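Asks: Take these sequences, add in the hints, and give me the full structure.
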Amino acid sequence: MADFNVNLRGVGSVSVIDVKGYLDAHTAPDLENVFNKLLDQKQFKVVVNFNDLKYISSAGLGVFMAYVETMRENQGDIKFSNMKENVYNIFDLLGFPILYEFYKDENEAIHKFIP
Amino acid sequence: MNSANKIFEKEIVVKSTTDNLALIREFTKSSAEEIGFSDEVTGKIVLAVDEACTNIIKHAYKYSPNGDIYISMKFEDAKFTISITDEGNHFDPNKIPEPNLREYYKQKRVGGLGMFLMKKLMDEVKYSTITGNKNQVVLVKYLPR
Chain A
1 MADFNVNLRG VGSVSVIDVK GYLDAHTAPD LENVFNKLLD QKQFKVVVNF
51 NDLKYISSAG LGVFMAYVET MRENQGDIKF SNMKENVYNI FDLLGFPILY
101 EFYKDENEAI HKFIP
Chain B
116 MNSANKIFEK EIVVKSTTDN LALIREFTKS SAEEIGFSDE VTGKIVLAVD
166 EACTNIIKHA YKYSPNGDIY ISMKFEDAKF TISITDEGNH FDPNKIPEPN
216 LREYYKQKRV GGLGMFLMKK LMDEVKYSTI TGNKNQVVLV KYLPR
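Going line by line, the protein sequences match chains A and B. So in this note's numbering, spot 9 of the first sequence is number 9, and the numbers just go up one at a time. Just add 115 to wherever you are in the second sequence, counting from 1, and you've got this note's numbering.
None of these hints come from the bench; they were simulated from the model. Errors might be hidden in some of the hints.
Taking lysine-lysine pairs in the DSS-like style, the calculated list, with each CA pair at most 30 Å apart, reads [said to hold, decoys possible]: (1) K42/A to K104/A; (2) K234/B to K54/A; (3) K235/B to K84/A; (4) K54/A to K241/B; (5) K130/B to K234/B; (6) K54/A to K189/B; (7) K130/B to K173/B; (8) K130/B to K54/A; (9) K173/B to K37/A; (10) K20/A to K241/B; (11) K37/A to K235/B; (12) K20/A to K194/B; (13) K235/B to K54/A; (14) K54/A to K144/B; (15) K173/B to K84/A; (16) K241/B to K194/B; (17) K125/B to K54/A; (18) K54/A to K177/B.
Just so it is clear, the structure is predicted and the values come from calculations on it, not from any experiment.
Replies: Structure, rendered in structure tokens:
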């Protein structure tokens with residue numbers, strides 16, 4: 001019933017994940033599958049574009065926490081972009097801005113990987 | 116309905132599957148809106164109820180889809196009370212420490228965030244065991260007068 005979509009695309013050496021709709025305990029496994037695919041392909045530079053994400057619960061936040069260290073150990077990272085205020089507020093409540101980079105625009109985030 | 120004096124009561128019973136989270140959120144959203152909470156506060160209440168039910172599905176029923184989750188909502192004297200009851204495994208919320216994100220990050224731990232969020236989002240969060248071996252979490256939000 002929950003309406004969630006995840007799409008993966010490559011921009012140069014960076015993988016961009018577009019998330020859309022509602023990310024909760026029901027839909028978080030769809031996002032995990034994409035991260036597992038990236039690990040299989042040894043793609044560690046990830047930007048998550050939140051432009052169309054309407055809702056996130058801790059189950060969704062947990063996915064980013066579960067994968068970020070592996071990405072960083074392999075000279076990559078998970079960076080966030082285009083987040084709506086209501087979604088950002090949840091990340092903020094849990095202290096994510098200390099540990100993750102947030103960008104207004106996807107290109108800005110991508111360019112941080114390609115100096 | 117936009118008055119703090121009116122009484123509002125609603126109840127829903129759903130099976131313990133994550134499939135039902137969207138339905139639970141819709142039920143919570145329409146109730147909070149009907150009572151007169153702002154969009155921002157309604158969003159907080161919806162997330163808190165989602166987290167409470169997610170915890171029940173994961174921990175009380177351990178993903179078994181046949182458990183029942185009873186959600187009752189009551190609004191009286193500016194106090195919105197949401198009682199969520201299950202008949203699954205008991206868990207002691209006092210044994211779950213408040214998460215430190217930096218430590219979580221190091222340990223790759225991803226649980227425990229839900230309860231922390233609920234406390235941040237609501238005015239009151241209380242866990243109890245009620246008759247017949249049921250677990251109950253009561254969430255309270257006050258409507259600004």
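Asks: None of the hints should be skipped; say for each whether it holds.
Replies: Okay, the hints, checked on the actual structure:
1. K42/A to K104/A: 26 Å, holds
2. K234/B to K54/A: 22 Å, holds
3. K235/B to K84/A: With a Cα-Cα distance of about 20 Å, the restraint between K235/B and K84/A holds, given a limit of 30 Å.
4. K54/A to K241/B: Judged against 30 Å, a Cα distance of about 28 Å means the pair holds.
5. K130/B to K234/B: 25 Å, holds
6. K54/A to K189/B: Distance of about 27 Å is within 30 Å: holds.
7. K130/B to K173/B: Since the Cα atoms of K130/B and K173/B sit roughly 13 Å apart, the hinted pair holds (cutoff 30 Å).
8. K130/B to K54/A: Cα-Cα ~25 Å, so holds.
9. K173/B to K37/A: Between K173/B and K37/A the Cα gap is close to 25 Å, so the pair holds against 30 Å.
10. K20/A to K241/B: 33 Å, violated
11. K37/A to K235/B: Distance of about 34 Å is beyond 30 Å: violated.
12. K20/A to K194/B: 34 Å, violated
13. K235/B to K54/A: Roughly 20 Å separates the two Cα atoms, so the pair holds.
14. K54/A to K144/B: Roughly 14 Å separates the two Cα atoms, so the pair holds.
15. K173/B to K84/A: Within the cut-off at roughly 28 Å; holds.
16. K241/B to K194/B: 15 Å, holds
17. K125/B to K54/A: Distance of about 26 Å is within 30 Å: holds.
18. K54/A to K177/B: The given pair, whose Cα atoms are some 27 Å apart, holds under the 30 Å limit.
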